[in-house]
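J.: Protein chains in written order, with our numbering: chain X, 1 to 497; chain C, 1001 to 1497.
Hint data in this document are derived by calculation from the structure and do not stem from the laboratory. Backbone N, C-alpha and C define an ideal beta-carbon position, used for all residues, glycine too. Some hints here could point you the wrong way.
Label-pair ranges, simulated between beta-carbon atoms [to be verified]:
#	chain 1	residue 1	chain 2	residue 2	range
1	C	Arg1406	X	Arg174	52 to 62 angstroms
2	X	Gly303	C	Glu1118	18 to 28 angstroms
3	X	Gly72	C	Leu1273	13 to 23 angstroms
4	C	Glu1466	X	Glu172	39 to 49 angstroms
5	X	Pro307	C	Arg1048	23 to 33 angstroms
6	X	Ala305	C	Leu1134	36 to 46 angstroms
7	X	Arg406	C	Val1019	31 to 41 angstroms
Okay, here's what each chain looks like letter by letter:
Number of protein chains: 2
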Amino acid sequence: MRTGHPLEFTPALSHESEVPLYRQLYEHIALRIRSGELGRGERLPATRELAGLLGLNRTTVSAAYDALETAGLIAGQVGRGSFVTGQPEPATGGVDWNAMLDRGDVMPAGPTGGFGHEVASFVMSRPSRELFPLDDFRASCQSVLSRPDLGSILQLGSPSGYEPLRRHLMDEARRQSLARPGDDLLITNGCQQALDLIGRVLLRPGDTVAVEDPVYTGLKNLLTGMGAQLVGIPVGADGMDTAHLERVLERERPRFLVVTSNFQNPTGATLSLAARRALLEAARVAGVPVVENDAYGELRYQGEALPAIKQLDEHGGTVLLRSFSKVSFPGLRVGWVVGPKPLLDRLRHAKELADLHTDQLSQAVLLDFAQSGRLETHRARVLQAGAERLAAALDSCRRYLPAGTRWTQPQGGMNLWVRLPEPLDAGELLPRAQREGVAYLPGRYFAVSRLDAGALRLSFAGLEPEQIRNGIAILGRIMTEEIEKASRNMEPSSALV
Amino acid sequence: MRTGHPLEFTPALSHESEVPLYRQLYEHIALRIRSGELGRGERLPATRELAGLLGLNRTTVSAAYDALETAGLIAGQVGRGSFVTGQPEPATGGVDWNAMLDRGDVMPAGPTGGFGHEVASFVMSRPSRELFPLDDFRASCQSVLSRPDLGSILQLGSPSGYEPLRRHLMDEARRQSLARPGDDLLITNGCQQALDLIGRVLLRPGDTVAVEDPVYTGLKNLLTGMGAQLVGIPVGADGMDTAHLERVLERERPRFLVVTSNFQNPTGATLSLAARRALLEAARVAGVPVVENDAYGELRYQGEALPAIKQLDEHGGTVLLRSFSKVSFPGLRVGWVVGPKPLLDRLRHAKELADLHTDQLSQAVLLDFAQSGRLETHRARVLQAGAERLAAALDSCRRYLPAGTRWTQPQGGMNLWVRLPEPLDAGELLPRAQREGVAYLPGRYFAVSRLDAGALRLSFAGLEPEQIRNGIAILGRIMTEEIEKASRNMEPSSALV
Chain X
1 MRTGHPLEFT PALSHESEVP LYRQLYEHIA LRIRSGELGR GERLPATREL
51 AGLLGLNRTT VSAAYDALET AGLIAGQVGR GSFVTGQPEP ATGGVDWNAM
101 LDRGDVMPAG PTGGFGHEVA SFVMSRPSRE LFPLDDFRAS CQSVLSRPDL
151 GSILQLGSPS GYEPLRRHLM DEARRQSLAR PGDDLLITNG CQQALDLIGR
201 VLLRPGDTVA VEDPVYTGLK NLLTGMGAQL VGIPVGADGM DTAHLERVLE
251 RERPRFLVVT SNFQNPTGAT LSLAARRALL EAARVAGVPV VENDAYGELR
301 YQGEALPAIK QLDEHGGTVL LRSFSKVSFP GLRVGWVVGP KPLLDRLRHA
351 KELADLHTDQ LSQAVLLDFA QSGRLETHRA RVLQAGAERL AAALDSCRRY
401 LPAGTRWTQP QGGMNLWVRL PEPLDAGELL PRAQREGVAY LPGRYFAVSR
451 LDAGALRLSF AGLEPEQIRN GIAILGRIMT EEIEKASRNM EPSSALV
Chain C
1001 MRTGHPLEFT PALSHESEVP LYRQLYEHIA LRIRSGELGR GERLPATREL
1051 AGLLGLNRTT VSAAYDALET AGLIAGQVGR GSFVTGQPEP ATGGVDWNAM
1101 LDRGDVMPAG PTGGFGHEVA SFVMSRPSRE LFPLDDFRAS CQSVLSRPDL
1151 GSILQLGSPS GYEPLRRHLM DEARRQSLAR PGDDLLITNG CQQALDLIGR
1201 VLLRPGDTVA VEDPVYTGLK NLLTGMGAQL VGIPVGADGM DTAHLERVLE
1251 RERPRFLVVT SNFQNPTGAT LSLAARRALL EAARVAGVPV VENDAYGELR
1301 YQGEALPAIK QLDEHGGTVL LRSFSKVSFP GLRVGWVVGP KPLLDRLRHA
1351 KELADLHTDQ LSQAVLLDFA QSGRLETHRA RVLQAGAERL AAALDSCRRY
1401 LPAGTRWTQP QGGMNLWVRL PEPLDAGELL PRAQREGVAY LPGRYFAVSR
1451 LDAGALRLSF AGLEPEQIRN GIAILGRIMT EEIEKASRNM EPSSALV
């Protein structure tokens, strides 16, 4: 269980499963005890610690531990915690899966939101389901279903993507000067697969990659899973600290740099124009490719749009990732990469080996959704709702969070980064917040090299303004009370005076 | 250009592109000359050789070479071939993509069919577009579009798959005893992604994997791309040679074994029941996991279905891969894996990092297609058409192929393996076959360690019986003529008598 590094103990629990959460957790731990992965005498994390880590109520964890104790697999010792007592089952088959499956690199998975009396879960960075224009979506499906080439949409396709969609996106990219002469475009299953393919093509185990710190968990886990060494570049209000970046690029010559230029996940920060230019110049001098992940760029609620790094790059060292997921329907996995042809040729080969090609039905539907103008109509609605939600979030932070709290001021996207005043710890606060119906992801999920225990991410885009206000009000009250409690604990106890 | 190993020179040319094939080939080679990848003085393959290799007409290759010569990039020398004369362009940007992109591991891509006066392209192993039941497909889409949970289908989903589909497939797997107690099921983007995820989870560079020889190109390229060493197990009429396999498993202890139990690609061979049992026992003794790729199993046109290896395995060492692609719509990328939970837990994590989850629209549509009975109706039609096509192929082989030719006798699937009589070479024969409107994949595309120059794959399932008969008749005539030509060349020339 590696109690020294509890983040490694992170079962993927499903809040949508019919199996109760405590039972899922029970089965997860029981399996590890029976397989021998957790040996007799090993100490389980404290219920409070595990609850905070997994974003569960402490009662859920306690129920799982009770069930494990009833099953004779663990025993509690007063004041010391719970210890494994059960024995592994003898191996029955020829394949020892547990020995075979290197246990070191199971990825952490955060709480996925959802619990008893939920007020507001700020956990998921995803659009609001209530905003989905279902009738417009149906209309685009109908249009695809009546196309004469429906048969070819259903037939095996090209690894490059559904050609009409690819051409549409390439035309758009050329029109916006996002594609340079000689650039190519590849359709992927969202930005996540584009990042995966880039890693597969460019990385060898032990390579260094420069990323933002804090950074999107899915990127961190992907790259470390590929054996990369991550160098974190601190993210400030203007995005990456480019002076720091310049030193890292010069000293470490990383294999590539990943940057989220707009409304970065988790901080919401946007790279200023000057910082974009400085980043490009530093990357050019060091000969380091720039992977510009722009999943959120189309979600600007206020202020002027900035040119993409890819647009500013005159030297062909940048590859740009975009997606339909954040601005339309994430359940349809369609994104794309634009960049220099030699790289794109290799990404296309990697794509073919990974899964032949991206689902063509969704590609065709999203093409119609875009070409019919329905995407623009939807985007306008999403932008308006996003502006209200962002305003509600920023306003509530000002109104409810105690003095000394700091937060970012994004102009778009889905996320806000909050830094609690000393001595509050976002992970320790979480179980109490969840008991009161509020959830978020503590900063440690996003940490690369700087573990900021006082930070947390609030993903506001999927919530109604009212939920946002109520949720942040509760957070503010809890924070205030915990600060008072902490300051009382710092004073001499009255009984001793 | 590594003329010593021409298979490495295999640009991915698209027959569906608006850019003519000769121009695509021109650009591919020009790019490599300009980038310096092909150095001054390097010899290009002969046009005939390259045409055979890429499945192109020789005139296409000649046109590309002419254009390269006009552009001053190559020069022909009578009787010696064409040589690179052009100079690489100086690097303009900060990133040297060509130096960065390891050139050694570009994957070979075969001819993709389609050319001037096509009679029959036996190149693609895919279902017939003409058989797609478009109205039934539309009906299933309509049913999904009217579902009350349409919004959640469009929202970000679970890496495990769309839960109603996952449950349906798991119930089916349990009903058929394909899932053991404690097994789990994961939805993937077809079998290809399942193979990819298994490789990602189980393989480290340098690991050995046992595969059939010959084997599906997409598997060969995937595994070698991951740095695996492949050990080929010869495939006979009853599938893998299990005595050979037993020796390999004992001696090499590969990381895992991949086997296509039914209608193997490329040979069409099916593992007998005795061979399945022998394989399982050998794997159990050696402690080697079995990956059973069963993409074709549902396409049995005659004879009795055999139990899957997964069904026979009582020791939990087998993982089974299946897919909707071959029996319904390959453009919708939905397959699944059933196997031991510890492995499936890891595959689900890898899936989440690879692309978050499989497209949910297609999952929902295929679930409706299956549950409404439309899949069964379609399968019955596919089986009937498949039986006719297989009969046409086998009958035509008997009727038209010259004495000494041998071929497999599959009872289902999409592929037939033909071994030409001596001294015919399937690669050398291809340019002539293509000139006469017939294409196929030479055996070398599928070779692991035994290069069988006389073998070729005929993928018959996508062609009408008439096309199959005409195509094989042409092949037979060409073979007969080439045999006669070869035997004349063996006799003393009459001019010298």
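J.: Determine for every hint whether it applies to the structure shown.
T.: We went through each hint and held it up to the structure:
1. C:Arg1406 x X:Arg174: 52 to 62 angstroms: Given range 52 to 62 angstroms: holds, Cβ gap about 53 angstroms.
2. X:Gly303 x C:Glu1118: 18 to 28 angstroms: Given about 56 angstroms between the Cβ atoms, the range is violated.
3. X:Gly72 x C:Leu1273: 13 to 23 angstroms: violated (42 angstroms)
4. C:Glu1466 x X:Glu172: 39 to 49 angstroms: Cβ of C:Glu1466 to Cβ of X:Glu172: about 44 angstroms, so the range 39 to 49 angstroms holds.
5. X:Pro307 x C:Arg1048: 23 to 33 angstroms: violated (50 angstroms)
6. X:Ala305 x C:Leu1134: 36 to 46 angstroms: With Cβ atoms ~42 angstroms apart, the hint holds.
7. X:Arg406 x C:Val1019: 31 to 41 angstroms: violated (54 angstroms)
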